[in-house]
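S.K.: Residues per chain are reported as follows:
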Amino acid sequence: MMARNPWIFLGRLWLGLAYAFMFLPLVVLILFSFQKNRFPGFPLQGWTTGWYGKLFSDGTLLDALGHTMIVSPAAATVATVIAFFAAYALNRFHFRGKTALLGLVTLPILIPPLILGVGFLGLLARVHLSGTLFAVFLTHVVLITAPALAIIQLRLAQMPGSLEEAAWDLGATEWQTVCKVVLPFALPGIFGAWLLAFTFSFDEFIIAWFVSGFQPTLPVAIYSVLVAAIDPSLNAIGTIVFAISCAVLIGIELILLPFLVGKPRGDA
Amino acid sequence: MTATSGIDKRLKTPNDSPLKFWFLAPLVLWLGALFLLPLLFLLWIGFWRVENFQAIPDFSLNNYQEIFANFFSGSRYGLALVQSLWVAITTAVFAVAFSYLIALALAFAVPARWQRLALLLAIAPFWSSYVLRLYSWQTILSRNGVINSTLKQIGLSDLRIDVIYTQIATRIGLIHYLAPILVVILYVGILAIDKVLIEAARELGATRWQAFTRVILPLSRFGLLTAGSFAVIVGLGDALSGNLLGGGAGRSIFGKLPTYASMIMSDYSSSTNLPRTSALATILIVVMIAALVVGFIAADRARRRTA
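Protein chains in written order, with this note's numbering: chain V, 1 to 268; chain R, 1001 to 1307.
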């Protein structure tokens, strides 16, 4: 009965088409990073790793990747630390203005990064910080704290209140309780939050475009290559970046997704 | 001694602790100094003036006068705003429809044990770089790109597509970016629908189509509006797809015009006139707040109707 239902068939057909649309750019990117074609298209002109060689000998994009690999982990770490403390306080305490604070935290996600970029530039140029990687770090933390906070809050909401109370009753100070009871419990959430924050920072373009100046992050460097000419080295860096994303993705699947869509249903 | 201090601690309410202050302080300080302050600064710089390529603090309306004088002529900021709204709203409609069908297919056409994997696959492209995905779309859609060269190879040159550097290409890039996020929003919304309601409708003789239009669709309305508002906001604020796929000033039914976000970017990179760029950004904030208010009112009505 079920299998012959035309709606189920249509649904699966749509899903297949949707996957094809979603994965087409990734497949093209990876395929043409290993092809001799100067301009991606058919017929294929044979396999090569030349674009990777060009990428490594040229160095501009790799420098930018290096910049990003400094900024993004640092920003993700600071954002996660801030988010953990705030999530704990928001989870445990009641106080006036809590709703307003929650609204303030969400606002950086609702305001388009384009607008934030202009604002950051205005302020940072005034204090002579614009045009540095440090500026990118400072501003990215603002952007990625909210998602990190949301993930850690989801985890802390699952913590039974009696856990902390037991620790207090046994004589632990509040700080000890946070370090030895709450932190271990929140660890999967913290790890997931870090990965999400890292990904957002890694991929962020427009703010970095405004404030990074002569130390571009990877997306900014890719953009400047792109507006100049078509360069298949971009396929090579794209494939490398995609490999990094896959590693992050596997981490996310293992840690983050159970929070988003509930517990896995039975053992598949 | 430790016992008494333990008792002291128990007598205190858990809500009363110095941690409340110290744990929230970093967040409040960081957001205050590096979020609220830049935003206020942005609003203020819009009133500054530029002399000898230097921005000078002032309270002049010159930037706004200049922008509104150039609203429909010269730089045509107003027409760019119209183009942006048109592209953002149509993109949102297509992106939400596309993603809703994916979310429905995931929830109802995929066996429960495979759903997590299927969802993960659907959102996988989100974790790859946006700029690189746009570059890839550029090579796919361009005149002698992947699609057109494939069509030529198999002898179907007549079907060749010519959408690169139009706002259609801008929309494709945006939909590709938005779909994974919208799928998650809409899928979570569909999961929240009480399955008993659907079963009841079916047992009372409703066809699958009726169960969808009378139960599932009305109960999804809140999720659909949330997803739609989000898509409009992202579409209005995005300059990348418009620049790389739309070619800066891509063609649409309104003519060859850049989107407003593209215009802010190119306006700044060509003039580095930060006060005018700030004024342009302030106008975008106002338009967005208006769009959000409309979205919220609609979503709120939808929630009340279904509650």
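There could be a bad hint or two in this list.
[Unchecked claim] The calculated lysine-lysine pairs, modelled on DSSO-like cross-linking and capped at a C-alpha distance of 30 angstroms, are:
hint: 1; chain 1: V; residue 1: 180; chain 2: V; residue 2: 98
hint: 2; chain 1: R; residue 1: 1152; chain 2: V; residue 2: 180
hint: 3; chain 1: V; residue 1: 36; chain 2: V; residue 2: 54
hint: 4; chain 1: R; residue 1: 1256; chain 2: V; residue 2: 36
hint: 5; chain 1: R; residue 1: 1152; chain 2: R; residue 2: 1256
hint: 6; chain 1: V; residue 1: 98; chain 2: R; residue 2: 1020
No wet-lab data here; the hints were simulated from the structure.
S.K.: Give me the numbers of the hints this structure contradicts, sorted from smallest to largest.
M.R.: The structure conflicts with hints 2 and 4, although it agrees with all the remaining ones.
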